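Engineer: Given the coordinates of chain A, assemble chain B onto it according to the supplied hints.
Number of protein chains: 2
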Amino acid sequence: MGLDLGAILKSGGLAVSDHDAIVSINIFIALLCSCIVIGHLLEGNRWVNESITALVMGLITGGVILLATNGTNSRILVFSEDLFFIYLLPPIIFNAGFQVKKKQFFRNFMTIILFGAVGTLISFVIITLGAMGLFKKLDVGPLELGDYLAIGAIFSATDSVCTLQVLNQDETPLLYSLVFGEGVVNDATSVVLFNAIENLDIGHFDALVLLNFVGKFLYLFFTSTVLGVATGLLSAYIIKKLCFARHSTDREVSIMMLMAYLSYMLSMPHTKNFSLLLAFRKQHDINIFLIISSIFQLLDLSGILTVFFCGIVMSHYTWHNVTESSRVTTKHTFATLSFIAEIFLFLYVGMDALDIEKWKLASSSPKKPIALSAIILGLVMVGRAAFVFPLSFLSNLSKKEARPKISFKQQVIIWWAGLMRGAVSIALAYNKFTASGHTAVRVNAIMITSTVIVVLFSTMVFGLLTKPLLTLLIPPRTGLNTSSLLSSQSMDPLLTSMMGSDFDVGQISPQYNLQYILTAPTRSVHRLWRKFDDRFMRPMFGGRGFVPFVPGSPVERSAPESHLGTVTEADNS
Amino acid sequence: MGLDLGAILKSGGLAVSDHDAIVSINIFIALLCSCIVIGHLLEGNRWVNESITALVMGLITGGVILLATNGTNSRILVFSEDLFFIYLLPPIIFNAGFQVKKKQFFRNFMTIILFGAVGTLISFVIITLGAMGLFKKLDVGPLELGDYLAIGAIFSATDSVCTLQVLNQDETPLLYSLVFGEGVVNDATSVVLFNAIENLDIGHFDALVLLNFVGKFLYLFFTSTVLGVATGLLSAYIIKKLCFARHSTDREVSIMMLMAYLSYMLSMPHTKNFSLLLAFRKQHDINIFLIISSIFQLLDLSGILTVFFCGIVMSHYTWHNVTESSRVTTKHTFATLSFIAEIFLFLYVGMDALDIEKWKLASSSPKKPIALSAIILGLVMVGRAAFVFPLSFLSNLSKKEARPKISFKQQVIIWWAGLMRGAVSIALAYNKFTASGHTAVRVNAIMITSTVIVVLFSTMVFGLLTKPLLTLLIPPRTGLNTSSLLSSQSMDPLLTSMMGSDFDVGQISPQYNLQYILTAPTRSVHRLWRKFDDRFMRPMFGGRGFVPFVPGSPVERSAPESHLGTVTEADNS
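Order-wise, the sequence lines are chains A and B. When we follow UniProt numbering, the leftmost residue of the first sequence carries the number 1, and every step to the right adds one. When we follow UniProt numbering, the leftmost residue of the second sequence carries the number 1, and every step to the right adds one.
No lab work stands behind these hints: they were computed from the structure. Predicted model, so just to flag it, every value in this text is computed and none were measured. There are no misleading hints in this set.
Heads up, simulated SDA-like pairs for lysine to any residue below, C-alpha to C-alpha not over 20 Å straight-line:
1. A/K241 / B/L41
2. A/K136 / A/L377
3. A/K241 / B/S34
4. B/K216 / B/A196
The following block holds chain A by itself, in its conformation from the complex (with noise of 0.2 Å):
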């Protein structure tokens, strides 16, 4: 895949030095290795994580390079939204979909579309409107409406990979799972809030162009999940039908990862790519090429979510049908790289930070990205409350007695998880307002220098208070969902995790009927769901209990619940 990116690096306008390659390479391995020896010497400091780590590695780092070239240079490579897009983005997501807790994920479904998507809304509005308000005083420079809508956009995209590692999947799952599937599906609506924006005709803006942006949106979400399932479900069916099981580990663990990047890159955003591509192809009269890339382009889809369902859908068919040997791998492997890619980007951000050019260019003016960083983190600030707690008093409303509501403290948490601004800002801003890495106009400077200070308070600042916020608002292992930890802490922590991340198959209860479907229409769904699964979906595709290498499987074929329901229960009740 390596060779690709050059090709994609170049078209964005290559920002790397030729000759100092390989140096860079060495250096920023030689980095990485010590942000992880550190993140780990720190690891009980109850301020500090990696990913500051790795951001306060990388300023020192700018800053050394900025004192070692007599102030002319600070950065060893220049922010690519490329590299972002296709190297460090798809394992991260991926794993995300591979380990997480499937059953809180499902159960908490439509709270976590309602923040993810309605929030991203309106959080995207009062921004945009917020800095259309306040920027006009401040005289930053000629912004026109495309771009205060892009500012919405950009400033929309939350980053919870601070709080992610922070928060405990076993501690408090209700929150996790709602801190980080708002997360993913935040990430996809703010990137296709952008990409839209970026199509939008200004001057037409009415009704119908806002129907055709929903609507597109809704499209856009169902095939990017419809996508990320199938291929998810192909590999479980390769792998079960040719029985790799017998012969290789190394082939099975191939596949999975070469499918899962498949998946990613088949719905990359990709239409510039694109049209670019049938232009050129057209010149030339290269059919096949004209044909797959208006396949492609029909298909412009979210690879974010993508990937993520296709994670979901090898944890829980794929997974099972592969030897342990190859569990224990892909299971340590897709954490490893997505582990890597994080750290990667809080260097990158931490070193791309002091670029001297911006700052030159802004600095006419010293005090105005400063002002504007503020306005934008009070917006920020804002437009999350305005969604946070209107939403989760509508959860609440909806939901029945058996179930977990959203409590204050949880509410206030959830906000404050969603106030650190990360990669996909910068990658967004660095698309918006550079021409790959580089700005010569005064107001785009600036723009990019408040985006950078933005993202390094919020990170910082943000982030370090999140650990002592946490303990304050919910006591560890006190709290409100301590029960799955202590049941699980027996077993062997691979295993049980693992399991967890399951959907639950013990639970089928006798009363169900008519009146229980329209009364809890979720947790029916989900039973409907499973009776599928069991029948017709285990069976073709493999899966927990459906493996056909377990000694005694027909056995347990016919009624898998009785034997692997203990385990299940005691881990997602």
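Structural biologist: Same frame as chain A, but now just chain B:
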């Protein structure tokens, strides 16, 4: 790491069209998946293996593209030697070092060096002289002495991947370690040879230049090894001292992966890059880069050797310091990455083979490349025979009765195993005869097409015949060295293979005196090393029996031989 490839590909004159990057990635990943699936389906077949499948798939895809584009283009991607040396080779070589049975490797160390270094030089001389004598009759074009020397180096680089897929490390450990070890040393030797020739001042070739060349080779071999060992030991020390295992498997795996890659990148052959860097940086007066690049320029090492020894040290020390999950994960992850890289490589070579541009340029005289290829193949066979049989004789002479000699049948297999030419040859040929994948000179086009023919023919025809030849010469399970297989079958295959890949620690016998040292030097050095390892290295860097988390480790630490001796003896005898 990805981002740097952009720079490197660009510096090598980027070969990928900007616009079809994403389509290319998708097609390529889909093809990789198909190769794995088809390779799996053909598993039982005695003629075919995964390399040949990938090669054929590449040829077919190239043909389809050729038809679809009306004969104007056959390639999704142009071959880039940088892609090869930066992305594909490191995982293959590292995994080789990580999984090799170290005992066998070090027992036959002298023979391996003899074959890999001296043998390659003999082969190089014969091919160069033969080419100088025979090519002139064909009237190929204006080739200089430097070109002939380069041809010698290009076709001295063997590709034993194919053979190693067929050979069984358990059934024929001696053969495997010889073929495998020779392959690694041969790769290093031919790359070094090639680089030395590129920098050679042909006009002033005398004994001093030769001496200088030999000195440089020895220096390179030594320093590369030391750097690899040092990086491996550093990783072992960090993981042991910081007790990563208590907290996180992901960190352990990350550190191992990053440090392995770091070892390779630290000793990348990058003279060219760094002289450019120096020139570039001097103008801008940037001191830190000057210093760093000077250090790197001093260490112009062979990444292949470095990463290979890093792999050996990591599997001997680091691997034993990590958690059980990390062991399974690293073992399979490295194997998987290597597996994907190999398939990628053969697919790539297959697609590149049909590149129409070169064929058109060379097709004014269609018989010439074929005649040339036939000559080269003949020279390769003669050149290899000229060192395998005499050096085997030498090696057998120096061996005492207790040690297995290389039988004539085994010599034939060793000879055969090195006849294949692969990606290293292609990479070197592209480096010599093209400017970043393109050429306009007829003689260069002929040389490239001949190289492609030699690689395709040797890999497919010789490769196809390897399995039958092997079955003919060494009937399965009745070979010389099957005892290890039989005695280890009752054990967990994973643990067996890793245990077996360790130095033997259980055979320190009492007759340890000066006379014995003199009569069996290699064996005694091995014993001395084991004593040193047990007394100083393992307590410092960890390793089998010295992991801090094994229950009852204080007892085992004083006598690890008694505890683990049985397993080791059974496995390594």
